[in-house]
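Got chain A; can you put chain B on it based on the hints?
Number of protein chains: 2
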Amino acid sequence: MATGLTYAQSGVDMDAGDAVVDLIKPALRRTHSSRVLGAYGSFAAMFRLDFKEKMFKRNYKDPVLVACTDGVGTKVVLAVEMGRLDSIGIDCVAMNVNDLIVQGAEPLFFLDYLGLSRIRPQETATIIQGVAVGCEIAGCALIGGECAEMPDIYKPGDFDIAGFAVGVVDMDRAIDPKRVKKGDVIIGLRSSGVHSNGYALVRRIIKEAKLDLNKVYPELCAQELPVLAGKNKQKRVKQLDEAADDDKENIPTAIAPPTEKTLGDILLEPTRIYAKAITKLVRSYKSKRVVTGMAHITGAGIEGNLCRAYPEKFDAVVDRATWIVPPIFRFLQKKGGVDEAEMWRVFNMGVGYCVIVRPDFVDGVMKKLKRQGEKPWVMGHIEKGTGQVRFE
Amino acid sequence: MATGLTYAQSGVDMDAGDAVVDLIKPALRRTHSSRVLGAYGSFAAMFRLDFKEKMFKRNYKDPVLVACTDGVGTKVVLAVEMGRLDSIGIDCVAMNVNDLIVQGAEPLFFLDYLGLSRIRPQETATIIQGVAVGCEIAGCALIGGECAEMPDIYKPGDFDIAGFAVGVVDMDRAIDPKRVKKGDVIIGLRSSGVHSNGYALVRRIIKEAKLDLNKVYPELCAQELPVLAGKNKQKRVKQLDEAADDDKENIPTAIAPPTEKTLGDILLEPTRIYAKAITKLVRSYKSKRVVTGMAHITGAGIEGNLCRAYPEKFDAVVDRATWIVPPIFRFLQKKGGVDEAEMWRVFNMGVGYCVIVRPDFVDGVMKKLKRQGEKPWVMGHIEKGTGQVRFE
Numbered sequence: 001m002a003t004g005l006t007y008a009q010s011g012v013d014m015d016a017g018d019a020v021v022d023l024i025k026p027a028l029r030r031t032h033s034s035r036v037l038g039a040y041g042s043f044a045a046m047f048r049l050d051f052k053e054k055m056f057k058r059n060y061k062d063p064v065l066v067a068c069t070d071g072v073g074t075k076v077v078l079a080v081e082m083g084r085l086d087s088i089g090i091d092c093v094a095m096n097v098n099d100l101i102v103q104g105a106e107p108l109f110f111l112d113y114l115g116l117s118r119i120r121p122q123e124t125a126t127i128i129q130g131v132a133v134g135c136e137i138a139g140c141a142l143i144g145g146e147c148a149e150m151p152d153i154y155k156p157g158d159f160d161i162a163g164f165a166v167g168v169v170d171m172d173r174a175i176d177p178k179r180v181k182k183g184d185v186i187i188g189l190r191s192s193g194v195h196s197n198g199y200a201l202v203r204r205i206i207k208e209a210k211l212d213l214n215k216v217y218p219e220l221c222a223q224e225l226p227v228l229a230g231k232n233k234q235k236r237v238k239q240l241d242e243a244a245d246d247d248k249e250n251i252p253t254a255i256a257p258p259t260e261k262t263l264g265d266i267l268l269e270p271t272r273i274y275a276k277a278i279t280k281l282v283r284s285y286k287s288k289r290v291v292t293g294m295a296h297i298t299g300a301g302i303e304g305n306l307c308r309a310y311p312e313k314f315d316a317v318v319d320r321a322t323w324i325v326p327p328i329f330r331f332l333q334k335k336g337g338v339d340e341a342e343m344w345r346v347f348n349m350g351v352g353y354c355v356i357v358r359p360d361f362v363d364g365v366m367k368k369l370k371r372q373g374e375k376p377w378v379m380g381h382i383e384k385g386t387g388q389v390r391f392e
Numbered sequence: 001m002a003t004g005l006t007y008a009q010s011g012v013d014m015d016a017g018d019a020v021v022d023l024i025k026p027a028l029r030r031t032h033s034s035r036v037l038g039a040y041g042s043f044a045a046m047f048r049l050d051f052k053e054k055m056f057k058r059n060y061k062d063p064v065l066v067a068c069t070d071g072v073g074t075k076v077v078l079a080v081e082m083g084r085l086d087s088i089g090i091d092c093v094a095m096n097v098n099d100l101i102v103q104g105a106e107p108l109f110f111l112d113y114l115g116l117s118r119i120r121p122q123e124t125a126t127i128i129q130g131v132a133v134g135c136e137i138a139g140c141a142l143i144g145g146e147c148a149e150m151p152d153i154y155k156p157g158d159f160d161i162a163g164f165a166v167g168v169v170d171m172d173r174a175i176d177p178k179r180v181k182k183g184d185v186i187i188g189l190r191s192s193g194v195h196s197n198g199y200a201l202v203r204r205i206i207k208e209a210k211l212d213l214n215k216v217y218p219e220l221c222a223q224e225l226p227v228l229a230g231k232n233k234q235k236r237v238k239q240l241d242e243a244a245d246d247d248k249e250n251i252p253t254a255i256a257p258p259t260e261k262t263l264g265d266i267l268l269e270p271t272r273i274y275a276k277a278i279t280k281l282v283r284s285y286k287s288k289r290v291v292t293g294m295a296h297i298t299g300a301g302i303e304g305n306l307c308r309a310y311p312e313k314f315d316a317v318v319d320r321a322t323w324i325v326p327p328i329f330r331f332l333q334k335k336g337g338v339d340e341a342e343m344w345r346v347f348n349m350g351v352g353y354c355v356i357v358r359p360d361f362v363d364g365v366m367k368k369l370k371r372q373g374e375k376p377w378v379m380g381h382i383e384k385g386t387g388q389v390r391f392e
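These protein sequence lines map, in sequence, to chains A and B. 1 is the number of the first residue of the first sequence in my numbering; add one for each residue after it. 1 is the number of the first residue of the second sequence in my numbering; add one for each residue after it.
For the record, the hints were derived by calculation from the structure and aren't laboratory data.
Identical copies carry no separate label here, and so any pair may be met within one copy or between two of them.
Once the Cα atoms are required to be at most 30 Å apart in a straight line, the calculated DSSO-like pairs of lysine-lysine come out as:
#1 K276 with K25
#2 K178 with K25
#3 K182 with K286
#4 K155 with K210
#5 K25 with K313
#6 K276 with K286
#7 K155 with K207
#8 K61 with K280
#9 K61 with K276
#10 K25 with K155
Next up, chain A with everything else stripped away, as it sits in the complex (with noise of 0.2 Å):
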């Protein structure tokens, strides 16, 4: 009998997840407050929902509980392919909790699943501090999570990971499409790049078009572009979509100094958290009705999201030219002889959230992003029509 099979045998390694355990417990710990009630190594994960300190007390009256799931899609084959395992976490948690917060809702708390091949403590520890550290920017509590070892399902280095956000808002507070109206004023917050989203088509064109994740290619290598506004924009779009277009080693107007970041570190680029910029904005309003909707873009676009933010009686009409495409997304579209509709269809193209606002408030409004240091900008307005949303 002591050569029969344990579980040990079959591929299941206890104590590689206790030292995973250890190895992420400092992370998780900054992301605790005194909410977050219980023991490591109790069954379920507890959060206090009202705490009694006055200091922290929110007095909910009709407490909505908001909850969202979400992966990063087939950017973790790509995070896996460069070997960079220390940011998919910040996307994972960047997806859910900028779902959330589209209600209106204040992160408190995420968990997270991750199936694997194999616990190797480091790597899994990379990966789940990544979660932490996501979460450390969103302000909410790590609370649980769990690590599956599947190797008959997950090839040796290959994971995935998904998560799950859980936040909170007032009934009255919460966000209602409904609320928007004609002539509410569209803003634009600016994603940090491809974000998690479209990566199935990333990865097809790097492997049409033999793209190198290691290589640096000049015409990425302009820093974060200006927004524009004021009479020169369209000029200035023009002349910049021109210059990548023609594939040029640098783009002669980008301001900001050349980077040296590799294709592959730009792909991997971690989708920007809008969480405390926009939960503090909306906390900042008592009972006003300032902001009317919000968007995350993620799949689908800015056209598949922004039109979740309102009824089906009115049209977003965003204006293109009030912003520069961020680099990445016309050299993948070059690379890939992408449509430049399809672009549109499934990339965020430089946009990663929206705010609608009552007009009266724009420059409030812009005001408080700013100090939360976002470079918002109007990219458009709500009229009448049919739920659509018109590119000008």
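Showing chain B alone in chain A's frame:
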């Protein structure tokens, strides 16, 4: 440009996703109460914590949210091999909800994440409909989910499923292991079989012993075995164990008529969900502290889970003669030549859930559990010790 790459060509079929949503809507709706707010298509799901109609009003004084995430491990591989996708979702709900209720929480809502190679609407919907069935059994709402097509990660037909459950408990009603005292009695609730743990070992045994998932093995055909009590139990346990060891065509002392279940069917038997029975039990004792601890017997068996329910200064003394280990475990043990101790370290061995109660309330608790359709039995008690589980 018309021949350029598109997102659909790169393996993402948005229409298939929409088809799944249409297929699963009726199943989702069956899990919804008026506490579920918001419309399909919103960025995140909304769940009202305090429902204001008097009938349903919960009046949480100091609500603590309880959350957990889990998958079903390599039981999915077996489901894929058997082509039986309708009940794996029940397992996913069970693995989470059974963890949740250990804290005394009432399950509120559930979300699922499905990673797969390609959405085949009918198959994918079948999996998610199983999740919805699980949620109905657990009495929680399936309010959201994500279905991610990742052909680079998952082989055709393969998938992974993870679930996320959120519940609520009033602070002073939360189960606290510290309340467990010497002399408390451990009541067992039967499992439906292997549940969702140890499948890496199960599959290894199937492979090594060349077992046929589609075969009806006579030694597995005794239906649900009686829980023993009284003076003859030791003798009958011995008889039954020996019968299995000899691989006889029938277990002579089994009282139920034989079933025609294949090995695969028995192994895919969905994990039992204890939510309604336990929630009712806990709620039925207002302020009295009758139930002092609970444990969901999951990965690492009775040994690894029961010990999480009480402080380190105690031991749980478990009398293994109080129940009959279901035939599937003895069958797997024999076929795989698995050591007895290893069996108890990996599998639930017939016990799915444990409730620790004050001795004076054993009869009352047993009666209440029976009224909920459970077949509880006294399986042990709490003694002074060092945080171990001692088998007798």
